[in-house]
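Colleague: FYI, in mature numbering (1 follows the signal peptide of the UniProt record, and there is no 0) the residues of the sequence shown are -28 to -1, 1 to 589.
Since the hints were derived computationally from the structure, they do not count as laboratory data. Quantities reported herein were computed from a predicted structural model and do not represent experimental measurements. One thing to keep in mind: the hints can contain errors.
Stated by the list, open to error - Think about it this way: if two alpha-carbon atoms lie no more than 25 Å apart in a straight line, the pair counts; the simulated DSS-like pairs of lysine-lysine are:
(1) 375 / 124
(2) 103 / 223
(3) 375 / 461
(4) 223 / 210
(5) 222 / 117
(6) 210 / 222
(7) 316 / 117
(8) 117 / 103
(9) 216 / 375
(10) 375 / 117
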Amino acid sequence: MFNLRNLGNYFVASLVFLTLLFPAAAQLQPAQSNSAPSSEGASEVKEWICPMKCDGLHFDKAGDCPICGMHLVPHKVAVESEFFSDDLLEGAETIVPPPEKALMPGLTSAHFYTGVAGLFLITFLLGMVLKEPTRNLRRTRERWKYPRWELKWGWIRRFLRWRGAQFALQVPVVALFVLVIVAGLIGNQDPSRNIAPVLTWNIWWMGLIFFAFFAGQVWCTVCPWMAVPDWITRFAAKIRGRVKPIGLHKKWPRTMRNLYLASAFFFGVSWIELAYEAPYRPALTAFMGLSMVGLAGLTLVVFEKKSFCRWVCPVGRVTGQYGTTGMLEIRRRDVDICAGCQTKDCLHGNERGLPCPTEEFMGAMNENTYCTMCTECIRTCPHDNVALNVRAPLADLMGPHRKRLDEAWFLLIILGITLFHGLAMIPVWSHDTVPPAREWSLSTLGFDPGYLTTFTIGMVAFLGGLALIYAAFCALIRVASGNLTLGFKEFFIGMAYPLLPLALGYHLAHNALHFFYEGSKLFRLISDPFGWGWDIFGTAQSPLTMLIPIEILWVVQVILVLAAQISGVFLIRRALFRMLGNRRQVQRAFVAAALLLMVMSFISLWLLNQPMEMRTA
């Protein structure tokens, strides 16, 4: 017999096993450090083209494409030979294969320095003009009085109270997920001719964060990873004549009721994506999706409710944190009605709907973090006291909110991995860091650790260094405040939440480059999703082009970083006032805290200033 502790240990072991299984299942070798090939030392280049083949233009010298701004690559070169004489091959040319990784242009120097100046100006001005906050600082009923507007349209209310609402929303998403899996497994493994990488890494990964801000955890509402095993277990139970879905329905181990497992999983998935270059490998992309379904199904049949969504899923936890900044929420209308409720049907479920899958009681839920927006509480509440609201951004973070050490670490990991995604896609990393590190190891230590080991050490060093910088700033903020009655731990936890908008801003700015550069590939791939030469909708030869002018995109990227800085300044001042309560102490601590924000935002702008590798070739 397994006891609960052993069950938890076996589950953790299975997570580790499945995480390590990703690359093995895909039967792939680790990625190598490479980028767009250089023309240095090559044959004489006769003709250059844009990697996007903008308007079919050809150029007689190197430079940047006048349409999309990308670096031109060699197309025709003079033929050289060590066997035949040069006279015999005079004038002979050959077509050069397109580069495996083309480079998209980063911010111009003008945009970069304007952004840096904006960081200093915005931070200084806000520090001077912002007054001491007087509302929504303590855990009273006032903390719920932020601007929000209930969506009262009749058709929305009727749809949300329908038992099949979530299923109806999940079906089209599951259909797209199946398309990604099938295309990834049996389609052409050239990522530019397979719809799986484009839908996953260019469309979904950008849209995920975009919707997290504007619509909260709407991804969790339609998530196919949990939908598929959930349908299977409920259908199996119905066949057997059972009310409850099949499974052991064990309680999630108390020692694992934190985000450390999700943090480790997020690191592992990101490592596989970047080290094994999943965006360039359709089969690996498909195996990663299947593994998420497998893990969700495993937790569903072993543990009660949807423990995977609450404690394990890295994507759900990332969107949950971003959802605290979001503009959509599900909340109670009247707290007194919840306080007087004896049955708590929103938590336990009833004949009209299912229990809350993440064990949230509407009377106590004040943040979006763990709400999957399944809308079951709207159907189960016997008092019709649950509403879907549009609200002001950052509402969950502006007032008093739950602060936990595991969440603080997870927020740091979100920021670190988001920034590392940008670093891993620029030549500074792929050409100027990883290869020299391997050469140094070979010349100094006498062995080459290989690309995968070097990449892993570099990734861990980057994240560890970022954590040390953050810890040093927390210590500096504590000393600067002059309030040493509060421990380092309080500052370490409290200062992490205001960094969330910075991660969100860079995440959107970075992925906007991929989306608007590479999104046009989707028009081709909807006609030929498997890369088999089809032309279903007549768009297989549609031009590859920027979806918006690059000049506009650069401005949008800078605005996103500056907006994130503004949000961070607002939040960190409120956090300091909640912690210290003394204006003089806050003013001293704010100088160090503002410097922390500017350092992180400067890193974001610097990364955006670098030429970026295309994500799907």
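Colleague: Starting from the hint list further up, note which numbers the structure goes against and sort them upward.
Modeller: Violated hints: 1, 2, 5, 9; rest satisfied.
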